[in-house]
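Asker: Each chain, written out:
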Amino acid sequence: MNIYQKEILLDQKPRVFHLITEEIKSAIPELKLIRTGILNVFICHTSASLTVNENADPDVRKDFETHFNSMVPENSADYLHTSEGPDDMTSHIKSSILGCSLNIPVTDGKLNKGIWQGIYLCEHRNSGGRRKLVLTLSETEKN
Amino acid sequence: MNIYQKEILLDQKPRVFHLITEEIKSAIPELKLIRTGILNVFICHTSASLTVNENADPDVRKDFETHFNSMVPENSADYLHTSEGPDDMTSHIKSSILGCSLNIPVTDGKLNKGIWQGIYLCEHRNSGGRRKLVLTLSETEKN
Amino acid sequence: MNIYQKEILLDQKPRVFHLITEEIKSAIPELKLIRTGILNVFICHTSASLTVNENADPDVRKDFETHFNSMVPENSADYLHTSEGPDDMTSHIKSSILGCSLNIPVTDGKLNKGIWQGIYLCEHRNSGGRRKLVLTLSETEKN
Chain A
1 MNIYQKEILL DQKPRVFHLI TEEIKSAIPE LKLIRTGILN VFICHTSASL
51 TVNENADPDV RKDFETHFNS MVPENSADYL HTSEGPDDMT SHIKSSILGC
101 SLNIPVTDGK LNKGIWQGIY LCEHRNSGGR RKLVLTLSET EKN
Chain B
1001 MNIYQKEILL DQKPRVFHLI TEEIKSAIPE LKLIRTGILN VFICHTSASL
1051 TVNENADPDV RKDFETHFNS MVPENSADYL HTSEGPDDMT SHIKSSILGC
1101 SLNIPVTDGK LNKGIWQGIY LCEHRNSGGR RKLVLTLSET EKN
Chain C
2001 MNIYQKEILL DQKPRVFHLI TEEIKSAIPE LKLIRTGILN VFICHTSASL
2051 TVNENADPDV RKDFETHFNS MVPENSADYL HTSEGPDDMT SHIKSSILGC
2101 SLNIPVTDGK LNKGIWQGIY LCEHRNSGGR RKLVLTLSET EKN
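Residue numbers (the working numbering), protein chains in the order written: chain A, 1 to 143; chain B, 1001 to 1143; chain C, 2001 to 2143.
Just so you know, the hints here were simulated from the structure itself, not pulled from any lab data.
We put the CB at the ideal spot given by N, CA and C, even for glycine.
Wrong hints could be hidden among the right ones.
[As the list claims (entries may be wrong)] Reference excerpt, derived from the structure (chain A facing chain C, CB under 8 Å, subset only):
1) 40
2) 71
3) 92
4) 100
5) 134
[Claimed, not checked] In silico DSS-like cross-links for lysine-lysine, where the CA-CA straight-line distance does not exceed 25 Å:
6) B:1132 with B:1110
7) C:2110 with A:132
8) B:1062 with B:1025
9) B:1110 with C:2006
10) A:110 with B:1132
[Claimed, not checked] Here are a few chain A residues that sit away from chain C, every Cβ distance over 10 Å (derived from the structure):
11) 18
12) 62
13) 65
14) 69
15) 86
16) 108
17) 112
Construct the entire structure; sequences and hints are all you get.
Answerer: Pasting the structure below:
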């Protein structure tokens, strides 16, 4: 039984949805050594989030931005927590809808995901700064 | 410490929300041997998803379909990624709102969930084909 | 390798979003002994949910209530499953959007989360009763 845990700091990214599968895989090369396990990816922030979605067509990520801006509108007069601007409270809501933690199975040294699945960093703030992730890779032996 | 990992392919299902708790439990009979652990269920697709919800009244699953069709409308002119039809981009968005990965505790050979909780396959495409799941069951011994 | 699993019953809480980080940490003091691992928090209900979000300003939790009431409206005539009142079906939908299961990394005896992140119990029912959580803390040794 082995475990690898690593904190990484992503470069600052503009507000939209970003494909970060390769950044994660290169940060944790021990993945190649794992026969059976789970990779947990956790984002340590409340105004950015993580999801898994389509990794081929960049329009999908643009459409995510369009949809979430419409579903969680910044021009709502109903929010109280807006001291940091109109993208403050909406970012918190978007992050909870999408979530802060992913669990992806690992098999024979690879993420056992669909070929069209990629890991997205969802940056909801106009200027969110660098984002910290905690990667926890649990290897468990078959008996 | 034991781990059991299995890939299963569900039969093609029509677009709606489906209760698949029994399909999952019967695919991984090793569950009965586990004293304490976690079951991870992961769906390898970006236009279908997984959630846990009410397992008794079939109307709940109909109401999920109604709600998600309203919250993520197919008649929106705003989406760019629509080459496979109006249920293409909306399925990607629904799948990220609901999620692709479930983690359910296991205690004394059973899923330790509420009596009203069941596992849903959320099929968002009109014709989504067969869906692949990866089941990872981690047993961990109490000390 | 150690695992600690515990069921806890929260006191009944009114319908809104509640910060329960301290309740969870005090229920599982073994957390302090863990060098590297994952804490899974699972809620055994279909009309309340769990999320991670901002832990400082109580207005954030009020704004969550406002937003979710608007995004999943109780006055919709479209729902079939309403036998327990207008907050019945909407609570099921809200709980699946937010989720029933959290996975948070543990490092050196502490939850390895951002300083602004707290664990929310999202009580969607007007009178939801006591809520049961299953806490599963998996410790895994570095090799």
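Asker: If a hint holds in the structure, say so; if it doesn't, say that too.
Answerer: Verification of the supplied hints:
Look at residue 40 of chain A: its Cβ gets to within about 6 Å of chain C, closer than 8 Å, so that hint holds up. The interface hint given for residue 71 of chain A holds, since its Cβ lies 7 Å from the closest Cβ of chain C, which is under the 8 Å cut-off. Among the interface hints, the one on residue 92 of chain A holds; its C-beta lies about 6 Å from the nearest C-beta in chain C, closer than the 8 Å criterion. Against a cut-off of 8 Å between C-beta atoms, the interface hint on residue 100 of chain A holds, since the closest Cβ of chain C lies about 5 Å away.
For the restraint placing residue 134 of chain A at the interface with chain C, the shortest Cβ-Cβ distance is roughly 4 Å, inside the 8 Å limit, so the hint holds. With a C-alpha separation of about 23 Å, the suggested pairing of residue 1132 of chain B with residue 1110 of chain B holds against the 25 Å cut-off. The suggested pairing of residue 2110 of chain C with residue 132 of chain A holds, with an alpha-carbon distance near 17 Å, which does not exceed 25 Å. About 24 Å separates the Cα atoms of residue 1062 of chain B and residue 1025 of chain B, which keeps this hinted pair within 25 Å; it holds.
Between the alpha carbons of residue 1110 of chain B and residue 2006 of chain C the distance comes to roughly 15 Å, so the proposed pair stays at or under 25 Å and holds. For the proposed pair residue 110 of chain A and residue 1132 of chain B, the alpha carbon gap of about 17 Å is at most 25 Å, so the pair holds. Annotated as non-interface, residue 18 of chain A keeps its C-beta farther than 10 Å from every C-beta of chain C; the closest such distance is 19 Å. Non-interface status of residue 62 of chain A relative to chain C is upheld: no Cβ of that chain comes within 10 Å, the nearest being about 22 Å off.
Annotated as non-interface, residue 65 of chain A keeps its C-beta farther than 10 Å from every C-beta of chain C; the closest such distance is 18 Å. The claim that residue 69 of chain A is not at the interface with chain C holds, since no C-beta of that chain comes within 10 Å of its own (minimum 14 Å). The claim that residue 86 of chain A is not at the interface with chain C holds, since no C-beta of that chain comes within 10 Å of its own (minimum 13 Å). Residue 108 of chain A, annotated as away from the interface, keeps every beta carbon of chain C farther than 10 Å; the closest lies near 19 Å.
The non-interface label for residue 112 of chain A is consistent with chain C: the shortest C-beta to C-beta separation is roughly 17 Å, beyond 10 Å.
In the structure shown, no violation is registered for any of the earlier numbered hints.
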